[in-house]
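Student: Okay, here's what each chain looks like letter by letter:
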Amino acid sequence: MNVAPRLTGVVGDAAVPTLLELDHVSISYPTPDGNLTAVEDVSFKIAAGERLVLLGPSGCGKSTLLRAVGGFLKPTAGEIRMDGRRIAAPGPDRMTVFQEFDQLLPWRTVLGNVRYALERGKSLPRREAEAIARRWLERVGLKNFVDAFPHTLSGGMKQRVAIARAFALEPALLLMDEPFAALDALTRRQMQDELLKLCEETGSTALFVTHGIDEAIRVGTRILALTPHPGRLAATFDVPPETRARGSSGFGELERRIQTTVFSTPEIGHV
Amino acid sequence: MSEIATPKFVRAPTLRRALEGTPWRRFVILAGFALAWELYARWLDNALLLPTLGATLSALWSAILSGELPSRALTSLRVLITGYALGVAVAAVLTTLAALSRWGNEALGLLTSMFNPLPAIALLPIALLWFGVGTPSLIFVIVHSVLWPVALACYGGFLAVPPTLQMAGRNLGLSGGRFVAEILVPAAFPQILSGLRIGWAFAWRTLIAAELVFGVSARSGGIGWFIYTSRAQLETASVFAGLLTVILIGLLVEGVIFRSLTRITVQRWGQVQP
Numbered sequence: 001m002n003v004a005p006r007l008t009g010v011v012g013d014a015a016v017p018t019l020l021e022l023d024h025v026s027i028s029y030p031t032p033d034g035n036l037t038a039v040e041d042v043s044f045k046i047a048a049g050e051r052l053v054l055l056g057p058s059g060c061g062k063s064t065l066l067r068a069v070g071g072f073l074k075p076t077a078g079e080i081r082m083d084g085r086r087i088a089a090p091g092p093d094r095m096t097v098f099q100e101f102d103q104l105l106p107w108r109t110v111l112g113n114v115r116y117a118l119e120r121g122k123s124l125p126r127r128e129a130e131a132i133a134r135r136w137l138e139r140v141g142l143k144n145f146v147d148a149f150p151h152t153l154s155g156g157m158k159q160r161v162a163i164a165r166a167f168a169l170e171p172a173l174l175l176m177d178e179p180f181a182a183l184d185a186l187t188r189r190q191m192q193d194e195l196l197k198l199c200e201e202t203g204s205t206a207l208f209v210t211h212g213i214d215e216a217i218r219v220g221t222r223i224l225a226l227t228p229h230p231g232r233l234a235a236t237f238d239v240p241p242e243t244r245a246r247g248s249s250g251f252g253e254l255e256r257r258i259q260t261t262v263f264s265t266p267e268i269g270h271v
Numbered sequence: 001m002s003e004i005a006t007p008k009f010v011r012a013p014t015l016r017r018a019l020e021g022t023p024w025r026r027f028v029i030l031a032g033f034a035l036a037w038e039l040y041a042r043w044l045d046n047a048l049l050l051p052t053l054g055a056t057l058s059a060l061w062s063a064i065l066s067g068e069l070p071s072r073a074l075t076s077l078r079v080l081i082t083g084y085a086l087g088v089a090v091a092a093v094l095t096t097l098a099a100l101s102r103w104g105n106e107a108l109g110l111l112t113s114m115f116n117p118l119p120a121i122a123l124l125p126i127a128l129l130w131f132g133v134g135t136p137s138l139i140f141v142i143v144h145s146v147l148w149p150v151a152l153a154c155y156g157g158f159l160a161v162p163p164t165l166q167m168a169g170r171n172l173g174l175s176g177g178r179f180v181a182e183i184l185v186p187a188a189f190p191q192i193l194s195g196l197r198i199g200w201a202f203a204w205r206t207l208i209a210a211e212l213v214f215g216v217s218a219r220s221g222g223i224g225w226f227i228y229t230s231r232a233q234l235e236t237a238s239v240f241a242g243l244l245t246v247i248l249i250g251l252l253v254e255g256v257i258f259r260s261l262t263r264i265t266v267q268r269w270g271q272v273q274p
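In order, the protein sequences belong to chains V and C. End of the first sequence = 271 in full-length UniProt numbering, gap-free, step of one. End of the second sequence = 274 in full-length UniProt numbering, gap-free, step of one.
Note that these hints are calculated values from the structure, not bench results. Think of the CB as a built atom: it goes at the ideal place given N, C-alpha and C, for glycine as much as any other residue. Take every hint as true, because none was put in to throw you off.
Label-pair restraints from in silico Cβ distances: (1) D147/V to L44/C: 57 to 63 Å; (2) V10/C to L196/V: 34 to 40 Å; (3) D147/V to R25/C: 32 to 38 Å; (4) A131/V to L159/C: 36 to 42 Å; (5) D184/V to L86/C: 47 to 53 Å; (6) R205/C to D33/V: 46 to 52 Å; (7) L159/C to G49/V: 39 to 45 Å; (8) V272/C to R246/V: 40 to 46 Å; (9) M114/C to T202/V: 54 to 60 Å; (10) F9/C to P125/V: 32 to 38 Å.
Please work from the sequences and hints to get the whole structure.
Tutor: Right under this line is the structure:
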C-alpha cells in the first residue's frame with residue numbers, strides 16, 4: 001500500500017525548477033538482530049525556494065533521510081539527485097545544522113569556526129572569509145561574541161553560530177536536523193522566528209527535520225508527515241503564508257488537522 | 001537576529017586569587033618529605049647506604065659546578081629528544097593511516113597489541129646487535145618505548161571524536177590527511193596530549209635504564225652513566241644527585257612544557273577542566 005501522494009514542485013507554480021529529488025529511497029541499517037529498515041520507498045521533490053519539513057515521531061527515519069541527502073550515508077535502494085546528479089558524498093552545497101551542540105570546532109573561536117568553514121568549503125582567502133563571517137555573525141546577533149570559544153556559549157548561541165556558518169556558505173540546500181530540539185521552549189520559539197526571517201530574507205531552500213507540529217508549521221512552506229517503523233510518507237500539507245503566524249486561526253486549525261489525520265497517538269505533537 | 005549582550009565578571013578578593021593559582025600544598029608536602037629524609041639519614045648515619053639530603057644537594061651542586069652533570073644531562077637529553085621526536089613522528093604516520101583505511105586500522109591494532117606490552121629495554125640486546133654500542137641503539141629503544149603508547153592514545157582519541165563533529169568536518173568537503181590534521185587531531189588533542197606525556201615518561205626511563213646497561217663502554221655517557229660510575233666509586237651522594245637530576249628534568253618538562261601546552265590548547269578550548 002502506498003498512501004503517499006506523488007509530489008511535484010511547489011503547488012501552483014510549475015515554472016520553479018526541482019532542486020532535490022528523492023526517487024523511491026529506502027535505507028536500512030545492519031544491526032546485531034539483522035537488517036533494520038529505517039526508511040521505506042520515500043519519494044519527494046524540493047523546488048528551489050521551498051522549505052520542506054519532514055515531520056514525524058522518533059523512529060520514523062526522518063533524520064536518516066536528512067543524513068542521506070547530506071551524503072553521510074547511502075540509500076540501500078533508490079536514488080537521491082540534486083540538480084539531476086546523484087548525491088555521492090557530503091559537500092558544502094548542502095550545509096547541515098545538527099541538533100547536537102558539539103558540531104562546532106571547540107578549538108576555534110566563534111569567528112574562527114565560520115571563517116574556517118568559508119576557507120575550506122568555498123576556498124575563500126582568509127581576509128574575505130573573515131569579512132563574510134563577521135557579517136553573518138552580526139546577523140545572528142553574535143557580534144559581541146566573535147572571539148569567544150564555543151564552550152563558553154549557551155546552547156542557543158552555539159546553534160546561532162552553526163546557523164551563521166551554514167548560511168554564510170550560501171548552500172544550494174540548507175539541511176536542518178532538529179536544530180532546536182535541545183533548546184528550552186522560550187529559546188526555541190525565538191530561534192524559530194529568527195530562522196524563518198533569515199530564510200525569507202535570503203530566499204534559501206531548506207529541508208527541515210522536526211518532531212514538533214508547531215515548529216513544522218512555523219518554519220515550513222510544505223510539510224511531509226512520516227509514519228514510523230519503517231519510515232514512510234503518510235501525508236503532505238501546504239502551509240500558506242498567512243497560516244505561519246503563531247496564534248492565527250489557520251495555525252491552530254492546521255495543527256489540529258495534522259494531529260488528527262496523521263498522528264493518532266497523543267504523545268506526538270507539541271514539544 | 002537580536003543582539004546578545006556580553007556577560008559581566010566579578011573578581012575574587014586579591015589574597016584568594018594569589019593563593020588559588022599556586023601549588024602551595026605541594027610545597028608543604030615536599031618540605032615534609034625533605035625533612036623526613038634528612039632526619040632518617042642522620043639517624044641511620046651510613047653515607048654509603050643513604051646520604052643526607054644536605055650531602056646529596058652539595059654533591060649535586062659540585063657536579064653542576066664542575067660541568068660534569070650538565071654535560072651528562074645534555075647528552076641524555078639530546079638522545080632523548082631525537083628518539084622522542086622520531087617515535088612521535090612514526091606514531092603520527094601510523095595513526096593517520098589507521099584513521100584512513102581498514103588495513104591501516106588492523107595493522108595498528110595488531111602492532112600495538114603485540115609491541116606495547118614488550119618492555120623497550122628488552123629490545124636492547126637486539127639493538128646492540130644491529131646498531132652496535134652507541135647512540136643509534138639508544139634511539140632505537142627510545143623510539144620503541146614512545147611509539148606504541150603514543151599511537152595507542154592518538155588512535156583512542158580519534159575513535160572518541162563525536163560523530164557530529166566528524167560530519168561537520170566532512171560537510172565542508174574535508175577528507176584524507178586534511179580531515180585527520182584539521183579535525184581529528186585537534187578534536188582528540190586531550191588524549192594525544194596525555195599520550196605524549198606517557199611517551200615522555202617511558203622514553204626517560206628507557207633511556208636511563210639503557211645507559212645503565214652499557215654506559216660503561218660508551219665514551220660519552222649520559223646521566224645513566226653518571227649514576228653507574230658514581231655507584232662504582234661508592235659515591236652514593238652522587239648517585240642520589242644523578243637521580244635527583246632525572247626527577248628535576250622530568251618535573252621541569254611536565255610543569256613547564258606540558259602544563260603550558262595544556263593551558264594554551266585543551267583548557268582554552270574547554271575540552272578539559274583547568
